[in-house]
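> Here is what each chain is made of, one letter per residue.
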Amino acid sequence: MTPESDYGPGLLAPYRVLDLTDGRGLLCGKMLADLGADVVQVEPPGGSPARNVGPFYHDTPGAERSLFWWAYCANKRGITLDIATDDGAALLRRLVANADFLIESGDPGRMASLGLGYPDLQAINPRLVMVSITAFGQDGPYADYQASDIVGMALGGFMHLTGDGDRPPLRVSMPQFYQHGGAAGAAAAMIAHTHRQLTGEGQHVDVSCQQAVARTLAHAPQYWDLEQTILRRMGAYRESAGGTFTRINWPCKDGYVNFQPGGGTAGAARSVRSMLAWMTEEGMGSPELDAVNWEELGYGTARAEIMEQTVAAVAPFFMTHTRNELADGALERRILLFPVATPSDILAHRQLAARDYYDRIDHEDIGETVTYPGHFVKDMQDAKRVGIRRRAPHVGEHNREILGGELGLNDRDLARLTELGVI
Amino acid sequence: MSILPLEGLKVLDFCWVAVGPMTTKYLSEYGATVLRVESAKRPETLRRAGPFAGGQSGINRSGYFANYNANKYGLSIDMGHPKAPELILRIAEWADVVTENFTPGTLERWGLGYDELSRVNPRIVLFSASMLGRGGPMQTQPGFGAVLSSLAGYTNIIGWPDRGPVNPYGAYTDFVCPKFAVAAILAAVDRQRATGCGTHLDMSQLETSLHFGGPMLLDAAVNGREPELVGNRHPAASPHGAYPCAPELHSARGEPVEPSFDQLRMSGGVNTGETDRWITIAVFTDQQWAALRDEMAADGVTDAQSGEFRTFRVRKAHEDKLDGIIAGWTANHDRHELMRRLQAAGVPAGVVNDTRDLFEDAQLQHRNHFTWLDHPEMGPYATDYTESHLSATPGRLDRPAPLLGQDTEHALREIVGLSEAEYRELEEAGALE
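Top to bottom, those sequences are chains A and B. Residue 310 in my numbering sits at position 310 of the first sequence, and the numbers go up by one each step. To convert, take the position in the second sequence, counting from 1, and add 1000; that gives my numbering.
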């Protein structure tokens, strides 16, 4: 047994990850890096296409200025390597020999065409866990389809249920599709890792982002399977079953809040009763709603007439308060209500501050300290085991450290590879 | 049959509603032994939430519950009973991992916090998830993913500029977090196996969900940007949106579409199933634009050939007009046919699948996305299969979600190892209800 102090500072400190993903799937390696793994991002010479994805630092595009890159490559080191060349592929194979994980997001068949498919890499390192993140999976009728975020969110079933009923379906206007696949890839990598640590057997993990999105739809697919009901998008409302729905989003004095009136356990009935009591305190009560037996209604549901009465009574009350007043009152009264927060609200949120959530990372290259979302899970025994430790790498920043220091290439080798365009 | 990768991992599971049970479903799907503790006295919320098999409600008939609890063992323990804490500590000696997503402080009130659990089992990994995490001024704020999406910044960026924001469907953050949770739990298990040390992992659903919006938060932090509602527009693509398609005469399987009276009634009398048809199109490059333009021209739609759409910059300037031309074209087409045609031409395009379409989607069928389990009360029901196919040790869903309390005796005696006398004593004392 290894003494805990020798195991390293992060939960996954002993493990090395080679991350070949482009803009698709970067989150997978980022999650393993946040958990403490040594993640090496492998980019083509000149830099990853993900460096062209906005937004950009001070709105000026540039390889070292993509905030998308900063967000999803923080904690990683970076090397450049053209794996489509013989020299590049050979160097990658040498790195694979000592790696625990390899993550990639190329079109299906690309790695195999370079002689770097799973069977090729397994021959070098049978313990390797290789994770392939693609829109639809490695094979099947859509395997060669091109998918951007909106295409994936549509085929995954999310969009049909999101938006106003009288308008086209909507996506979330920041990309979600490949994030779901990336996060699923990290979970699956750890499942395969758990098996490998016991048996020594590595394997190939084939992730479908479309499926990852289809799993986010709560009970909507089951409504079709069991009750032959196709749930619809309803704007501010949410349909929870045929004929029952709940208003979720409400305007208030200075913006919007989310409030879920409905029945059932899990504090929902108590939440509605607290809201009604608050309204009564301020002279805007509703005896009709006080008389409703909320405890007996199903989870998150209310009949149409009750919902109409609720909207008639609650909506004017919300218009007399700001979203912060409503959020503070909700906390005091245990009401299921949250403000519709803007990014600056989120950056200033007192609970996140109290939990020391944000990590302030030194960007010595531009002489600034930048605020990052921190631990995605908090290790209560040692908070330093999960979180952000370093900024994203510059193009080829760790070539010398890794290709020189670890693979033993000397200055002349590195110069030759640079000249050949391999690194 | 191949062995499962998490075989031998022992989980004592207090999770309820969505985020927790979906997390432990990944564990049970890949072979962990998951003992799911419930109470007959206070059945978990999801057991009372629709849909129900055949539309008939019942404590063992919820499809919502059944989906997320497949492969688990169901135990009924009355946590308010004086003998319950001692029993839980006994199970914790057996377990490698304890999972829970109660309001912070609940386990501690039962005398079952991390300190007590690790006293009986120093190796224990306790995983806790809550809305806003432990500690801080808002740790006891109640909530669901359905409303937390707003605090996590999603609602603020979904909607049309001439209207207000709308929520992402469902309890969205509940479905972002489980993938992070599984990775973290197994990282702690790895350390546990190597060092013999346990730990307590505390997940705030808010903090985890913010990682899907990292670039947006950085944009606010370094550029001071506040996002606006943009519908389906994209700063780097044009055209980019969802466009109407023709009503369908045939389903994806080629069968004639004739909505039944029941379907019409269930959808409130509106035949949304056949008229709410859309295709998404996303053009990021000039090459993709040329391909799309040629496809339209082949159908005699030549308006898009105009110079005002030639470059990205000018397409952006005339985007409303361009969207109108495209919508006029797509509205005459079957969405599946158009998707295949545009994909073949190199244009990213995909139909908007509704929930019935998901069951008929050719790719999801190829991946066996839905697996049917035979449930003693519900009959066959669909549960969703993992998105990650493991080549050597694929996941397996082979046991339906438990009836309330169905495995109490089997789990306590055969799996945890209580003697018959111990078990009978608990049963007679009324602790197993």
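Hints were generated in silico from the structure; no laboratory data involved. Note that the Cβ used here is the ideal one computed from N, Cα and C, for glycine as well. Please note that the accuracy of each hint is not assured.
Unchecked claim - Residues from chain B that face chain A, not an exhaustive set, calculated with beta carbons under 8 Å: (1) G1105; (2) F1175; (3) P1235; (4) T1280; (5) Q1287; (6) A1291; (7) V1352.
Stated by the list, open to error - DEER-style ranges, computed between Cβ atoms: (8) A:M380 x B:R1413: 55 to 65 Å; (9) A:M1 x B:A1040: 39 to 49 Å; (10) A:D6 x B:E1428: 48 to 58 Å; (11) B:G1417 x A:D254: 55 to 65 Å.
> If a hint holds in the structure, say so; if it does not, say that too.
Quick rundown of the hints versus the structure:
1. With a least beta-carbon distance of about 13 Å to chain A, the hint placing G1105 of chain B at the interface is violated under the 8 Å criterion.
2. At a threshold of 8 Å, the smallest CB-CB gap from F1175 of chain B to chain A is about 4 Å, leaving the interface hint in force.
3. A distance limit of 8 Å between C-beta atoms decides the matter here; for P1235 of chain B the minimum to chain A is near 6 Å, and the interface restraint holds.
4. Interface hint status for T1280 of chain B: upheld, as the beta-carbon distance to the closest one in chain A is roughly 4 Å, under 8 Å.
5. At about 11 Å, the closest approach between the beta carbon of Q1287 of chain B and any beta carbon in chain A exceeds 8 Å, and the interface hint on this residue is violated.
6. A distance limit of 8 Å between C-beta atoms decides the matter here; for A1291 of chain B the minimum to chain A is near 11 Å, and the interface restraint is violated.
7. Interface restraint check for V1352 of chain B: the shortest CB-CB distance to chain A comes to about 4 Å, inside 8 Å, so the restraint holds.
8. For M380 of chain A and R1413 of chain B, the Cβ-Cβ distance of about 33 Å falls outside the hinted range of 55 to 65 Å, so the restraint is violated.
9. A C-beta distance of roughly 41 Å is found between M1 of chain A and A1040 of chain B, which places it inside the suggested range of 39 to 49 Å.
10. Range check, D6 of chain A to E1428 of chain B: Cβ separation about 50 Å, and the 48 to 58 Å hint holds.
11. Roughly 59 Å separates the CB atoms of G1417 of chain B and D254 of chain A, a value that falls within the hinted 55 to 65 Å.
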